[in-house]
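Chains S and E: place on chain Y using the hints.
Protein chains in written order, with this note's numbering: chain Y, -16 to 168; chain S, 83 to 243; chain E, -19 to 635.
Keep in mind that a hint or two might mislead.
A partial selection of chain S residues facing chain E, derived with a Cβ cut-off under 7 Å [unchecked claim]: (1) GLY96; (2) VAL105; (3) VAL181; (4) CYS201.
Read the hints as simulated data drawn from the structure, not as lab findings.
Source: prediction; values computed, not measured.
Note that CB positions come from ideal geometry on N, CA and C, so glycine has one too.
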Amino acid sequence: MNRGKSIRYIAGAAGVLLIAFLVVLAMAKPGESESASSPLLGNPAPVVKSTTLGGGSFDLSHRKGSWVVLNFFNSTCVPCRQEHPLLIDFVKEQKTSDNAVELYTIVNDDSDGAVTAFFETNGGKWPVVRDDDGAISVAFGVAKVPESWVIDPNGFVRLRIMGGLTKGFLTTRLNELKSQFAGGQ
Amino acid sequence: MKHLKSWPVWMLMGLIVVALLTVGTTRDNGPLTQSDRIDSITKHIACPTCDGESVYVSRASAAEAIRNQVARDVSAGTLTDDEIIGSIANTFKAKVLLVPRATGVDSLVWILPIAVLVCSIAGLWAAFRRWRRDNSGEASSDDVALVEKLLAEDPTDEDYV
Amino acid sequence: MLGVEGLAGPLGRAALLVGLIGAFFGMIAAVTGTRNEDEKVLRLVPRFATLSCVAAISAFAAMEWAMITRDFSLAYVQKVGSKSTPALYNFTAVWSALEGSILLWVLILTCLTAGIVFKYRTRIADPMVGWAVATMFFVGIFFFILTLGPANPFAAGAAGVLDGPGPNPLLQNHILVVFHPPILYLGYVGMTVPFAFAIGALITGRVGEGWLVETRRWALFSWGFLTLGIILGSWWSYEVLGWSGVWAWDPVENASFIPWLTGTAYIHSVLVQERRGMLRVWNLSLLVSTFSLTILGTFLTRSGVLNSVHAFSDSNIGPYLLTFFAIIVVVSVALIGWRGQKLHSPGTIDSPLSREGAFLANNVIFSVFAFVVLLGTVFPLIIEALQNRQLVVGEPFFDKLAVPVGLTLLFLMCIAPVLPWRKASGELLANRLFWPAWGGIGALALSVGVGATGFAPLLTFALGGFAGGAALRQLVLATRRQGLRGLLGRANGGMVVHIGVILIAVALAASNSYTHSQEMMLKQGVVATFNGHTFELTGFTNESDARRTVVAAVVRVDGGKSYTPAITKFKSMGTNIGTPSVKSSFVEDIYLTVEPPIKMSSKTVKIKVFIKPMVMWLWIGGGLMGIGTLLSAFPGRRRKPTDATSAPVPTEAVS
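One chain only, chain Y, in its complex shape (with noise of 0.2 Å):
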């Protein structure tokens, strides 16, 4: 008699704890939502030396003067091909203006073939620097493209944006934080 009634019993508790586990599932959503900090911030950047598809060389150090903007990019990744022309109107901007900010896109997991073609294709003109290895990702805790991080002129990173810009977004932070670092220019 005594079992049958602990057998409700426990039946009772197991059904309280599922539900609040259901509720607790219920409540979980797919996908991430991000903040968009990283220890860089106010930091120096990481040492940044490789090549670019152009045939040259890259060292950020050497960009130490300007305000840079590091664009990391895969041909494949979506995000990444529609704020494309967002970074052609970007760097069509900055030519006209006095204190110019540099773009470079940093290759995350690409082939240089197809970085190649889709800048071809898809216009746009300034240095893709290459990332063998991926270390150049690594040392700045890059995973997920695309991404874009803004370096001051004494090579302090400023800010990190995670994923896709959006129009003028960019233009706006960076001036934000020109007057903000107007010290240093």
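Coordinates of chains S and E only, in the frame set by chain Y:
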């Protein structure tokens, strides 16, 4: 034959096991190659774009990039395993910690299994004690003789299953 | 062209609708016929079962037809079909993504339902059978709804599409894609049958042993298929993925492993109920858990809540699966609670040192194991839901907890086969375990002799030898008495399965603890050595077709046969897949992978070599588990009547 299965022989067997285990566990494993060290480090880092796969397992490009970084650090030879893991965890933040830390809410994932195990063992123990209390009757000598007779007849009786 | 093309979609959809109607009315007929004891209504049940089954077969055939004829009017064919996929992989492409795999589930489920209805056609008036069939129809209704709703394989695709990307590259380069998913599904779906009978037993109140005995072989075969499916999945991981391992505690792997754990506990625990009428609540709970965990597993992997190698994109199938899981568990738990009184078993366990005690301990350990794996798998979800941050629970967590549990189970395997029912004395145990214990010592000595180290692996080898000895002892005794027939039956077949498990445990311990790897840069014509083996790059191969380009390095191992680890580039997806090449032997596997990029002109290649001991024994163990399951399905020797111990002592010998 009866003496072969007696308690002294069992104790001897136990001693042999302890001796063998001691020899086996205290001897040197042989040198680890650099590759082995890389493998063991990457088994403790999570691939940041996968779901729970370690960098050792994952074939994703981010995992491969991290493997290359670990390989560089290992061949440079200046950092310990933990330092290498730490430096990668630093740039990728908690996303690459392959197991939850044992602090805060995360520790639940370690505590709950132990708690469940302890409760089950306690439950089993309590149940056996209750049953033994309820079943403290004695068999009659006739019953015992009957059982012995049947056991003697056929020790491999499939009734045992 | 318009006559045939474009027909598969509407035809398939119509078939699924007919199937749903068949399942729905089948359930209604079964329920009303059983409740009103109406023979005429019950006679409709087989008709509806057949209708549903034929409809599902037609829908599946329509899907295959669309895939084979490359009918790109369907969204699903646009997703996984391609003109350049070879015929075999095109056929299997049907179950390479969500919608098709649900269709496969429906196919197997309706065939099983029809099979059950056919098998019990003379007993359809039995209320337990009636409710069991109704339950199976109910599950069928759910899956039909899925195929008509969120997982619709016959949805029309965008217009004007002339070709597709084909299935995931990992699903088109190894023949195991033909076997692993269907076999795994046979295991999952097969569990519906014992579950349905359990529900029937609970509803009718006949919670004795009848339903167990009815479904014994169904449960055994489902478990067997699930086991085989999991092992094939490990083999596939090993041969295809290139990280040289067989098990990564990936959420999808866990989703198949958790119901396997409760299912294994169940098939052991039912022996106690058959024999002594005990552990009824345990058996019902384990069975309900096993079935509902297959649904939960499907939810975890298909809803996109967790991403992994297998999980296919997100769809809105999640809420459906979660709701169904809730219904199943709530109803089952309510039924168990309702019948609580009747589930009180007549006997108790006399002593922990008895077969019943061992099986009870077995249940507890397997349940704890299942809980731990489930916890690790869903913990990230829980934390994300409650605290909105991400965390990962990976291999080290599972390994740390699985190793002690595994060792405990190995230990149980040592003593449980020799334990008699009711009570054992220390003397009896010492007597029976003597030679098996020497088996353990022998195994330990052998391992130490060949140079093995490490406490956990050595303990695994010792316990493995011990447990192997216990299993062999049973087999030797049985074959001595009955010749080859001594290998048949639950006891003996079970021992063969145990030996298989032991081989797998030993092989896992060896390959996980003693694998060595080395990266080498091979220059053509120059021989490199590692760990007592030689490797020589003799050249490259480059094959290309419309679908893919395969560039391989030809490496001669130990001066003998050549092996070709390769990199395959799939043109339509732009992805590179590394393909390993393995030299297997009984002692060890030499596993080769090649690091991209391969520059043939440079006459060098960077390879990684893994020397992995004893991997072949994993597959041999798996094979033994399959063989043992088959042997267990045969009836063993007929038992003596069980009242011999309480009946008066007979005056003449009973045969």
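Status of each hint after checking the structure:
| no. | hint | result |
| --- | --- | --- |
| 1 | GLY96 | violated, 9 Å |
| 2 | VAL105 | holds, 6 Å |
| 3 | VAL181 | holds, 5 Å |
| 4 | CYS201 | violated, 9 Å |
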